[in-house]
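Enquirer: One letter stands for each residue in the lines below.
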Amino acid sequence: MRIPGLGNAADNPQHGTPGDDPEHHPRARDGRAPNVMRIGEWVPMRQHRDEDEVDFAIVGTGAGGGTLACRLAEYGFSVVAFDAGPYFRPLEDFASDESHQSKLYWTDERIVDGENPLQMGSNNSGKAVGGSTVHYAMVALRFRPEWFKARTLMGYGADWPIDWREMWHYYDQVEDDLKISGPVSYPWGPHRRRYHRRAHEVNAAAKVLARGAEAMGIDWTPTPLATISAPRGDAPPCVYRGFCTLGCSTNAKQSVLVTYLPRALKAGAEIRDLAMVGRIETRNGRATGVHYHREGRWRFQRAKNVVVAGYAIETPRLLLMSANQEFPDGLANSSGLVGKNLMVQGNQAVWGVFDEEIRSYKGPPSLAISEHWNYDDEGRGAFAKDFFGGYSYMSQGPLPQLWANTQASARGLWGEALVAEMQRYNHVAGLKVVSEYMPQERNRVTLSDVEDQYGLPVARITYSWCDNDKALNRHALKFLRQALEAAGGREVWDQSDDTCHLNGTARMGHDPRTSVVDADCRSWDIPNLWICDGSVFPTVGGVNPSLTVQAVALRTADRIFATRAT
Amino acid sequence: MPTPSDRGPGSGSVLKRRVAPVRVEAAIHPVVVLAAVAAAAGLLTWFAAGRSKRLGPAPSEGRRYAPRGSAVTASAAQRLNHASSMLAASVLFDSGLEHYRGQFFNRVMYTPIIVSSITFASSLHGAGDTDPGSSRVRHAAQALAGLTGLIGFGYHAYNVGKREGGYSFQNLFYSAPIGAPMALTLAGLLGVVAERVRDANPQAPRLGGLPAGRVLALATAGMLAGTTLEAGLLHFRGAFQNPAMFVPVTLPPLAAALLVRAAGKPEGASQVGATWGMWAVSAMGIGGVAFHAYGVARMMGGFDNWRQNLIDGPPLPAPPSFSGVALGGLAALELLEHRPF
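Line order of the protein sequences matches chains G and B. Converting from the first sequence to my numbering requires adding 489 to each position, the first position being numbered 1. Converting from the second sequence to my numbering requires adding 1000 to each position, the first position being numbered 1.
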């Protein structure tokens, strides 16, 4: 028997599924956009003609672009935000199926090389309105204040041109906007305002982390997450479905798609889905608009200002693709740093088998965290720190297909061995780091000779670890292994090659010679060209970057508004 | 090869025909069994307590009480039984719901359901009894409830403390609610007091050697404070996301303060303010059910998905425990004013 209203449209044939195909036909058109909070409903959307010169053309609607579009529209600017991906309705379009949900990933062709080629797609880039926040793990952490002066205070990387106290203010704001569910008091760093929702109940996998941390004598806490633990408007509290990294079908997840973008639409912004921007036009040293591909043809949107927010691969790619006679090396590239200093974060893990049932897939994947090694610069004994930077580590909840993939790729299990290992799936728990890798100019994004479906050059992504990165990896794996064993894990094994998140490639700074944009995310070379996403990070820190991307976007909006006369 | 059962009835005269014993198998949900047991325990208590006595001449032992005095104690005792009934019912449904949610992981978790049913029956019985003079069965049942609540508190406190992180907010939020079993203790306490008041001297009722009205007023004020702490903790867990969630942490303490003030007034003085306070808290407890129902509707799937949301949403039976305590407060005010209302 099926109880009416249970689940969502994808689970319940009574509701039916939407008849349109968001992956091939734009939804945001004819003066309306999907109301992502209600099945089958729409909200009105203000629209602009291509020949109208809008105040802001924003390329990308993720953590950077979507957040910025909302705030700029609320400040009264006319805004058009472009996204190459579809405008999904989470309540209707998202299935409980790992393979199907890979539609959220940016799986366009990319070329990877270097000593440690990155795995692109699922874990680090999204192609949907709302960007990769639609499938992110919702981990909402603040940077350690010292990281904003990493070069001066800690002796590595580069300084940010923004003071941490200012960032603290914007962190407050974004945590309020997303109603982050976090612990009553956070064990690390300076005082912060209380989270707006209480932390979620921790699952068995998180309790493994807790037991390990307590045995190792370090602090742990329930992870601050961007999924609500008490209702908010039309969004119900999280029901611990566990498909967070494949799209939340209940809207408990506070992605940009269901938070800032509805606000943006209400404030008069226009969102164009399935609109791939291929080139930024300039004249007399200023950007004049963007060329974009939508509904089968290339069009040109005039704009007074252009914001690039395509994340750390597509942003440099677009800037480099837009090279013209005025800017032969690509836009905003007088420093030669566009595409350089690509930073990912370490995502190594240790896994073990437990006597008791764990069922780690229940609930959000990362329910407990320890940031100890982000704040302890010395370490002791076997865990004395011999590297710069730090790391946090979290409990994990891999879904079955991902877990089988991990077994096959990281451990080479196949056939009967793989089947046997999968039998123990419910008894497995793991700890996974998010660690700080160093910025290196040799890690970069360039253009290749290969063309994609739009006829645009495909990005070539070159990545290699430096010695510091490798030393950090060793420390993290050693510590995690001991923590997992202390929590009762048996047959512990290391997953040593995973990475996550993309940052750098258009860093901000004080000096036009050593950075691409200033503290306001305005490019040094072109006064009406802005970059607002993870690309602007000078250093990456040992925490998930989304909250910082969004805080920077809120600050950028305030700065644009404050300096609008100039 | 044909087996014996394949043969026709006549062919196997040597073999005695075997008939399997009749086995009665009915699919009865364990929860139904539990409900039946709880109901039976309640009914047994009801019958054991005997026939309710109507107000008549008091069993004469040479003394005659003035009618007004005995009317006050009888009315207060009945009101205390109303309070205890309300609390016991709240515990019955709330512990049923929450322990079902906990899948009766520990068999001890059946206890409060049966005990609160007994308490409920005994309190209802008392509520219909206008006779001065206590009932031993009811008295014992109420004492049992008080004790059960205390033991439950011990279990819940152990459950919170044994988890990773110990007595942290996280565990206070999500493991066994530490204050919840005390509601059963309160039900039992109020029920015991009801019996004691029935036995007390109607002219100057005393509890434990102290004036009954004062003691009861202070006690119910303390109970209100405790219930407020419990509601406060769980509403804090809900991040006070709806402003109405502040009502049960502000109104009851105010009313409790009025009760304390009432206890300080001379006997027989008017207690209008405190009385209104108690009625307000009673109403809040009932209104809270509606607010909790709204909260259930806001969970994913709302009431369409009631099987999940009644369990995981705000508990519908919880708010009336405030009403129960407030009714106890009204009984105290009756004794203080020395007139039934």
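FYI, nobody ran anything at the bench for these hints, they're computed from the structure. A portion of the hints provided could be inaccurate.
Covered by chain G, per the in silico footprint, the following chain B stretches (three or more residues, Cβ under 8 Å) [as the list claims (entries may be wrong)]:
1. 1170-1176
2. 1231-1241
3. 1288-1301
Far from chain G, some chain B residues (derived; all Cβ distances over 10 Å) [what the hints assert, rightly or not]:
4. His-1029
5. Val-1031
6. Leu-1034
7. Ala-1074
8. Met-1109
Ideal placement from N, C-alpha and C gives every residue a C-beta, glycine not left out.
Enquirer: Now tell me if each hint is right for this structure.
Expert: Right, here's what the structure says about each hint:
By the rule of at least three residues with a Cβ nearer than 8 Å to a Cβ of chain G, the coverage given for the segment 1170-1176 of chain B holds, with 3 such residues. Residues of the segment 1231-1241 of chain B with a Cβ under 8 Å from some Cβ of chain G number 5, which satisfies the need for three, so the listed coverage holds. Chain G is given as covering the segment 1288-1301 of chain B, and this holds because 5 residues of the stretch bring a CB closer than 8 Å to a CB of that chain, at least three being needed. For His-1029 of chain B, the condition that its CB be more than 10 Å from all CB atoms of chain G holds, with the nearest at approximately 15 Å.
Non-interface call for Val-1031 of chain B relative to chain G: holds, since the shortest CB-CB distance, roughly 18 Å, exceeds 10 Å. Distance to chain G confirms Leu-1034 of chain B as a non-interface residue, since its nearest Cβ pair spans about 23 Å, more than 10 Å. Distance check for Ala-1074 of chain B against chain G: the nearest CB is about 46 Å away, which clears 10 Å, and the non-interface claim stands. No beta-carbon of chain G is positioned within 10 Å of the beta-carbon of Met-1109 of chain B; the least distance is around 19 Å.
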